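Number of protein chains: 2
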Amino acid sequence: MKDGKEMFDICLLGTSGMMPLPKRFLSSALFRFNGNMLLIDCGEATQITLKMLGWGFKNINTICFTHVHADHISGLPGMLLTLSNSGREETLNIIGPVGIKRICENLRAIAPDLTFDINYIEFDQGENQIVIDDFVINTLGVKHGVNTLAYSISIPRKGKFNLEKAEELNIPRTYWHVLQNGEEIDGFTPSMVMGEERKGFKVCYCTDSRPTDELPKFVSDADLFICEGMYGDSEEKQKAIDRKHMMFEEAATIAKEGNVNELWLTHFSPSLTNPQEYINVCKNIFDNTIIGKDRMTKTLKYEED
Amino acid sequence: MKDGKEMFDICLLGTSGMMPLPKRFLSSALFRFNGNMLLIDCGEATQITLKMLGWGFKNINTICFTHVHADHISGLPGMLLTLSNSGREETLNIIGPVGIKRICENLRAIAPDLTFDINYIEFDQGENQIVIDDFVINTLGVKHGVNTLAYSISIPRKGKFNLEKAEELNIPRTYWHVLQNGEEIDGFTPSMVMGEERKGFKVCYCTDSRPTDELPKFVSDADLFICEGMYGDSEEKQKAIDRKHMMFEEAATIAKEGNVNELWLTHFSPSLTNPQEYINVCKNIFDNTIIGKDRMTKTLKYEED
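Going line by line, the protein sequences match chains B and H.
Going by this note's numbering, the first sequence opens with residue 3, and the numbers climb by one from there.
Going by this note's numbering, the second sequence opens with residue 3, and the numbers climb by one from there.
If we strip away everything but chain B, and leave its shape as in the complex, we get:
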C-alpha cells in the first residue's frame, strides 16, 4: 500500500500553559495525513511556531478548539488572516464546545475580510463524532470550569484486498479500485474481496481538565496520548484541583488505565521551568512518558498488513 496514505504526522507545536514564553509557545498540535492538516488549539503566536515547523498553512482545513480560554484561542484572528494571505478559498471548519462560534465571531472584529467561509461545528459535553478529510474526530466533554473538549483523531484502515479471491471470482481489474473504496459494482460487493478492517491510527489530545472517569476509555489503545501536565511537584496538587488542571502523575495514570502506547506531556505552568525534573513521577506509573518540547514530531506508519 504505497498511495501516500501510509503516514500520519503529528507535531506538538507548543507546550506552554497560560502565556507564551520566549522559549515555549502555547500548547497546540498539528496533524497531517494525505496532504490535509488539522490543528488543535491556536493561542497567541501559534502561527510563529507553525512557520518554524515549515509544513505550510494552506492545507489546514480544520481547527479544533478544546475551550475558549485565551491561551488556546488568542491566535485565531492572526491565523485566519494568514490563511487568507496564503490564498485559501476552501471553507475552513472550526470545531469546538458550545459557544465557540460566538467567541470566534467576536475575535473576527479584527479579521472581518477573509478569502474563505467558516463552517462552525459546536459539540456538547457528551461524546460526539464527525469525519473530515480522512480524520475521524471524536470529542468528549471534560472538566475545566468552562465547556471543554478532549479530542481523539483517528484514521481507520481498511482491510487488505484479496488479490487471489478477486482473480478467482473473475472480477474485472477496472472494478478493483471501486471495491477497495467500499462501493458495490455490477453485482460485486466489497465483502467478497476485502479482509477485516486493520489497525489504523489513533491520537488523543486533552488540555485543560481534571482527570475524569471517562478519559481512560476515550483514549484507550491510542498510539499517542498528548495530555496536559500543568504541575509536576506534588506540593502543587491543591492548586491543580482549584484551577482544574492535571498533575503529571494524573496524566500518567490516565495513560496507564487507557493502555495507550505513548504519552506526551504538555501545557506546563510558566513556573515549571524544567519539566524534565519530574519525569520519574510519570515513569513510575507509565513508563513510556515523554516530556513535550516545542515542535516535537512523530510519524506513525501502518504496521505491515
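FYI, nobody ran anything at the bench for these hints, they're computed from the structure.
None of these values were measured; they are calculated from a predicted model.
Careful: at least some of the hints might be erroneous.
As the list makes no split between identical chains, a pair holds if one copy fits it or if it spans any two.
SDA-like, lysine to any residue: derived pairs with alpha carbons at most 20 Å apart [as the list claims (entries may be wrong)]:
#1 Lys-53 - Leu-274
#2 Lys-25 - Asp-296
#3 Lys-241 - Gly-89
#4 Lys-145 - Gln-127
#5 Lys-241 - Ser-88
#6 Lys-60 - Ser-273
#7 Lys-53 - Pro-272
#8 Lys-246 - Ala-113
Position chain H against the provided structure of chain B, taking the given hints into account.
Just chain H, lined up with the frame of chain B:
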C-alpha cells in the same frame, strides 16, 4: 538634576508588518521614563518580545494604538491577561482612533475578568493631546484607509533653577522645591527663579500611513522618529500606494523635512527579507537612518543645562 528623571528609554519591540515571523515580531515600541511605561501597538506575540526585553509588564500604564488592523492589536487580550497576572490594580489607559473601544471590548470576549479597569480615550483624525504620567502624548490623524493615528511622545524639561537669584531674593530654602514644581508660595513665583524651559525629549511613531503634508511638522525636531518602511525596492511603489504604506525613501523624506535627529525604519513587509539592502536609498535623503531591529533600544539623556 539627578532625580532619576533624566533618562528616557525607548525600545523598538518588533519590526514586522502584516504577520509575526520567527525572527521578526510585529511592530511596536515601548517607552520608559521615571519608572512608568507606555506601549505603542500590541500585535500577536508582542508580550513575548516584551518578556525577552526584561523591563517587566506591571508599569505599563498606557497602551496607544495606531489603528485596529490585526497586526497592531491582536496581542491585546493576552497582554491584558498577563498584566492581570502581574498583579496590576491601577486603571490601564487605552488610547486609539475613534472606534478603538468597540474593537477592544470585542477582543475582551476572551479576557473578560481583569484585576484592573480600562480607561478608553478615543481621538479623532485631527490633532489631539493628553498628558499621562510624564508623557505628553500628541496624536495626528494619518492616511491608511481606516482611522489611524501617528504619535508624538514628549517629555518637557523645566528651566534651570537660578540658585544665585534665590539667595539674592532671600527665598527660604524650604520654598525652593515648591517653586521648582511650578507653584507659587508666600508671594514668591516660579518666574523669579526658574529659567526658560529647556529642551526635553520628543520621539515620534508612525505606522501605518502614506506620507501626509502634516507629518513633517508633527515630527519636527524629534530626537527620534520611528516610521514604517514597508517596502524598499522602488518597483514596489505602486503596491505601497495601493496598500497605503510608505516606501523607505518616503519615510526618509519626512525625517529630512521634519529636521529630526534620527530615523528608525520598521514595519517591514514579510517579503523584505533583508531591509539593510535598501539603506542607501534612505541615506541619500536622510543620513542618520537606521534599519530597525527587534528590541533595538536607545536612551535619551538631558543635555547639560
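Outcome of the hint check:
1. Proximity of Lys-53 and Leu-274 under a CA criterion of 20 Å is satisfied inter-copy only: 16 Å between copies versus 26 Å inside one chain copy.
2. With identical chains, the CA atoms of Lys-25 and Asp-296 are at most 20 Å apart both within one copy (8 Å) and between copies (16 Å).
3. Taking the shortest alpha-carbon separations for Lys-241 and Gly-89, only the inter-copy value of 18 Å comes in at or below 20 Å, while the best intra-copy value is 45 Å.
4. With identical chains, the CA atoms of Lys-145 and Gln-127 are at most 20 Å apart within one copy only, with a shortest distance of 9 Å there and 48 Å across copies.
5. In the homo-oligomer, the alpha carbons of Lys-241 and Ser-88 lie at most 20 Å apart only across protomers (18 Å), although the nearest pairing inside one protomer, at 42 Å, exceeds that limit.
6. In this assembly of identical chains, Lys-60 and Ser-273 lie within 20 Å of each other by CA distance solely across copies; the values are 18 Å between and 35 Å within a copy.
7. With identical chains, the CA atoms of Lys-53 and Pro-272 are at most 20 Å apart between copies only, with a shortest distance of 12 Å across copies and 23 Å within one.
8. Taking the shortest alpha-carbon separations for Lys-246 and Ala-113, only the inter-copy value of 18 Å comes in at or below 20 Å, while the best intra-copy value is 32 Å.
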